[in-house]
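S.K.: Keeping their order, the protein sequence lines are chains U and D.
Be aware that the first sequence starts at 1, since it is given in my numbering, and climbs by one per residue.
Be aware that the second sequence starts at 1001, since it is given in my numbering, and climbs by one per residue.
Just so you know, the hints here were simulated from the structure itself, not pulled from any lab data.
As the structure is a prediction and not an experimental result, all values here were calculated from the model.
Hints are supplied without guarantee of correctness; some may be wrong.
Coverage of chain U stretches by chain D, computed from C-beta distances (three or more under 8 Å per stretch; other residues unrestricted) [said to hold, decoys possible]:
| hint | stretch |
| --- | --- |
| 1 | 38-51 |
| 2 | 94-104 |
Residues from chain D that face chain U, not an exhaustive set, calculated with beta carbons under 7 Å [unchecked claim]:
| hint | residue |
| --- | --- |
| 3 | P1040 |
| 4 | N1098 |
| 5 | M1102 |
| 6 | L1103 |
| 7 | F1105 |
Simulated restraints, written as ranges between beta carbons of each label pair [to be verified]:
| hint | chain 1 | residue 1 | chain 2 | residue 2 | range |
| --- | --- | --- | --- | --- | --- |
| 8 | U | T97 | D | Q1056 | 23 to 31 Å |
| 9 | D | A1072 | U | T101 | 22 to 30 Å |
| 10 | U | E83 | D | K1055 | 23 to 31 Å |
| 11 | D | S1007 | U | Q17 | 24 to 32 Å |
| 12 | D | A1016 | U | T101 | 26 to 34 Å |
| 13 | U | T38 | D | T1060 | 30 to 38 Å |
| 14 | D | G1107 | U | Q17 | 25 to 33 Å |
| 15 | D | S1080 | U | S58 | 22 to 30 Å |
Beta carbons: idealized from backbone N, C-alpha and C, even for Gly.
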Amino acid sequence: DAGVIQSPRHEVTEMGQEVTLRCKLISGHNSLFWYRQTMMRGLELLIYFNNNVPIDDSGMPEDRFSAKMPNASFSTLKIQPSEPRDSAVYFCASILTGAPTAFFGQGTRLTVV
Amino acid sequence: AQTVTQSQPEMSVQEAETVTLSCTYDTSESDYYLFWYKQPPSRQMILVIRQEAYKQQNATENRFSVNFQKAAKSFSLKISDSQLGDAAMYFCAYRSGNAGNMLTFGGGTRLMVKP
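When you get a sec, could you build the whole thing from the sequences and use the hints?
M.R.: Shown next as structure tokens:
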């Protein structure tokens, strides 16, 4: 099993540009979390999907952030327009519903200059 | 809402010695899971160990074991025979036993291993 795959691993972009982060779930998993990690705030949950449906998006910071699950195995997190304070490591994690353990991707380090 | 607290921002241990990382949590639920994740410099979040709240026996995984005190809402991680490769950030996390609940993380403890 390939595990959770995130792309890109690193992204550097200019303020105001659109950024899209991608995540491929583990085959058979049907729940997905997006987390953001910063030194100041630690690991914050942004959004949680179950069976492609957003269940809890209360952590999405602003309207500039949006997330989708167009199919059962893939998700995107989009920031438009990006700002320097969005610089962070973004993780996705997948779970098989009913199972306890979340498996994480390697994260995307986003730098907005 | 559940909260997870790691009171030790940094810990250090001599190679081959034993170290214990602390974690406390707050919940009103009786069915839940607790986890320790390791994050080395590569930033990959790696599951170290999991404890089901309904199990009285403490979980162990090779050199890693937990001390789960349900009444005290405490969940510490013991690393025996510490190795240089154990140096990392360690995060304690809580997940409700009800389907569909997210992981809540503590602030992390940075573990340094001295040769």
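S.K.: Are the hints correct? Go through all of them and say.
M.R.: Now for the hints, and whether the structure bears them out:
{"no.": "1", "hint": "38-51", "in the structure": "holds (count 5)"}
{"no.": "2", "hint": "94-104", "in the structure": "holds (count 7)"}
{"no.": "3", "hint": "P1040", "in the structure": "violated (11 Å)"}
{"no.": "4", "hint": "N1098", "in the structure": "violated (11 Å)"}
{"no.": "5", "hint": "M1102", "in the structure": "holds (5 Å)"}
{"no.": "6", "hint": "L1103", "in the structure": "holds (6 Å)"}
{"no.": "7", "hint": "F1105", "in the structure": "holds (4 Å)"}
{"no.": "8", "hint": "T97/U to Q1056/D: 23 to 31 Å", "in the structure": "holds (27 Å)"}
{"no.": "9", "hint": "A1072/D to T101/U: 22 to 30 Å", "in the structure": "holds (24 Å)"}
{"no.": "10", "hint": "E83/U to K1055/D: 23 to 31 Å", "in the structure": "violated (45 Å)"}
{"no.": "11", "hint": "S1007/D to Q17/U: 24 to 32 Å", "in the structure": "violated (40 Å)"}
{"no.": "12", "hint": "A1016/D to T101/U: 26 to 34 Å", "in the structure": "holds (30 Å)"}
{"no.": "13", "hint": "T38/U to T1060/D: 30 to 38 Å", "in the structure": "holds (33 Å)"}
{"no.": "14", "hint": "G1107/D to Q17/U: 25 to 33 Å", "in the structure": "holds (31 Å)"}
{"no.": "15", "hint": "S1080/D to S58/U: 22 to 30 Å", "in the structure": "violated (40 Å)"}
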